[in-house]
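Q: Guided by the hints, dock chain B onto chain A, whose structure is given.
The residues making up each chain are set out below.
There are 2 protein chains.
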Amino acid sequence: MIRNPEVLCKKLGLAFNNPELFTIALTHRSAGANNNERLEFLGDSILGFVIAQKLYKLFPKAGEGVLSRLRASLVNEESLAGLARQHQLGDYLRLGLGELKSGGCRRDSILSDALEAVMGALFIDQGIAACQQWIEHIFAEKLQSLSLDNWQKDPKTQLQELMQSKKLDLPDYVLQTMSGLAHEQTFKVKCTVPLTSETCIGVGVSRKKAEQSAAEQMLELLNKDSK
Amino acid sequence: MIRNPEVLCKKLGLAFNNPELFTIALTHRSAGANNNERLEFLGDSILGFVIAQKLYKLFPKAGEGVLSRLRASLVNEESLAGLARQHQLGDYLRLGLGELKSGGCRRDSILSDALEAVMGALFIDQGIAACQQWIEHIFAEKLQSLSLDNWQKDPKTQLQELMQSKKLDLPDYVLQTMSGLAHEQTFKVKCTVPLTSETCIGVGVSRKKAEQSAAEQMLELLNKDSK
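Chains as they are written, first to last, in full-length UniProt numbering: chain A, 1 to 227; chain B, 1 to 227.
Any given hint could be a false lead.
For chains that are exact copies, the list does not tell them apart, and a pair is met inside one copy or across any two.
[Claimed, not checked] Here are the simulated BS3-like cross-link-like pairs (lysine-lysine), alpha carbons at most 27 angstroms apart as the crow flies:
| # | residue 1 | residue 2 |
| --- | --- | --- |
| 1 | K57 | K153 |
| 2 | K61 | K101 |
| 3 | K209 | K190 |
| 4 | K224 | K209 |
| 5 | K101 | K190 |
| 6 | K188 | K101 |
| 7 | K167 | K57 |
| 8 | K224 | K153 |
| 9 | K10 | K224 |
| 10 | K208 | K10 |
| 11 | K208 | K224 |
| 12 | K208 | K101 |
Hints are computed from structural coordinates only; laboratory data are not their basis.
Chain A extracted, bound-state conformation:
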């Protein structure tokens, strides 16, 4: 039995002018041609924008690397599926028989896509301001609990603590080159860690800045590898 989408709509605090859009957002491609894939495409980009501008405002001193990591920690399949589960979204999904039997309504990817599709549907129905408000509402708890501790620490400190937590040797920074006139020099520093054979080169107007940049790149590299 497919539950009435109106019930979910109310649970989510939404009221659609065109309820059909909401129903489509809950329709997986396994259930037919008029499914949520296009709305998900749209919702995904809206979510990226809404969270980016929120983080930009919330953390005026965070660099681009920190903002990107914060966003990745908020917007990912697992986190979106978790939000979808909080509202029992899976109970209202429209799936083909195959997906239904294999438990598609509990799968992270399907839940996450449907939640993004709801965002896309809301945008089409009510525009960006309403959509932004709702996204910020359902992400409110996650946004509040973002532990700034970890993000406010500079990259070198973060990288060092990561190595310490794994009982590994500390990162190594080697100055590669210095160039430019005395008052506008450019430093190039190579960072290596025991966790990977890859190295990262940081460039900056001081040795310290070049080291921070190398550490930041290494954190991103390790972050990607662990995904």
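A: Positioned in the frame of chain A, the structure of chain B alone reads:
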């Protein structure tokens, strides 16, 4: 000599309430701490959203795969750098001495980032509607000339033509499994092509749809590999 950013601002058809934001958007990280990285983070997400919603409206029948490929063809480093060059943006960049000497003002990545940062700055200065309007304006030509031919073709046709253009054997589709009741069967088809040893599995409510889905995934795979 750094040229007056006001001149570029006018060329771009913009007028900032806070011109300082525009100057920051033109400042590469090599030129100091108050640079365009945060604005680029923001602009990148805005651009993704604006183009997504535009494509969603322009191509009401295009599937998510087509929309994603269309967006990737519009929004990429090379295309953004091209737009930046059209407006001589490189002449107005603020770079550190090292980047200046090594021709940073002509580099795709630096030009593309600065253009995204201008979008971020415009959003902060004037909000999403103004920013959307300007992005659609500078992308107008690209949006108009989007060759629909290629995108309207179904994935199987596109994949076949790709193989023919490289004088390779045609794609191979093998039915793997069929499951479900007679009126709601699920088909699983494996697609292989001579270009890669990887295979793609498509699932659909008919054999044809499963093949199209497998072909679409293969196109995406080949697209990723070629980047």
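Q: How do K167 and K57 come out at 27 angstroms by Cα distance, when the copy is not named: within, between, both, or neither?
A: For K167 and K57, the Cα distance exceeds 27 angstroms both inside one copy (36 angstroms) and across copies (53 angstroms).
Q: How do K61 and K101 come out at 27 angstroms by Cα distance, when the copy is not named: within, between, both, or neither?
A: For K61 and K101, neither the intra-copy (49 angstroms) nor the inter-copy (30 angstroms) Cα distance is at most 27 angstroms.
Q: Taking 27 angstroms as the upper bound on the Cα-Cα distance, should K101 and K190 be classified as within, between, both, or neither?
A: between (52 angstroms within a copy, 22 angstroms between copies)
Q: Between the shortest in-copy and the shortest cross-copy C-alpha distance, which are at most 27 angstroms for K209 and K190: within, between, both, or neither?
A: within (12 angstroms within a copy, 51 angstroms between copies)
Q: Should K57 paired with K153 be assigned to within, between, both, or neither, using CA atoms and 27 angstroms as the limit?
A: Within. Shortest intra-copy distance 19 angstroms satisfies the 27 angstroms Cα cut-off; inter-copy 43 angstroms does not.
Q: Taking 27 angstroms as the upper bound on the Cα-Cα distance, should K208 and K224 be classified as within, between, both, or neither?
A: within (24 angstroms within a copy, 36 angstroms between copies)
Q: 27 angstroms Cα cut-off: does K208 pair with K10 within a copy, between copies, both or neither?
A: neither (53 angstroms within a copy, 38 angstroms between copies)
Q: What label fits K224 with K153 when the C-alpha limit is 27 angstroms: within, between, both, or neither?
A: within (20 angstroms within a copy, 34 angstroms between copies)
Q: Give the relationship of K188 and K101 under a CA distance limit of 27 angstroms: within one copy only, between copies only, both, or neither.
A: Answer is between; shortest inter-copy Cα gap is 16 angstroms, intra-copy 56 angstroms.
Q: Under a CA distance limit of 27 angstroms, which applies to K208 and K101: within one copy, between copies, both, or neither?
A: Classified as between: cross-chain Cα gap 22 angstroms, same-chain 57 angstroms, threshold 27 angstroms.
Q: Can you tell me if K224 and K209 fall within 27 angstroms by alpha carbon in one copy, between copies, both or neither?
A: Close inside one copy (23 angstroms), not across copies (34 angstroms); limit 27 angstroms.
Q: Checking an output row: K10 and K224, CA cutoff 27 angstroms. Within, between, both or neither?
A: neither (38 angstroms within a copy, 40 angstroms between copies)
Figure legend: structure checked against the earlier numbered hints; hints not met, in rising order: 2, 7, 9, 10.
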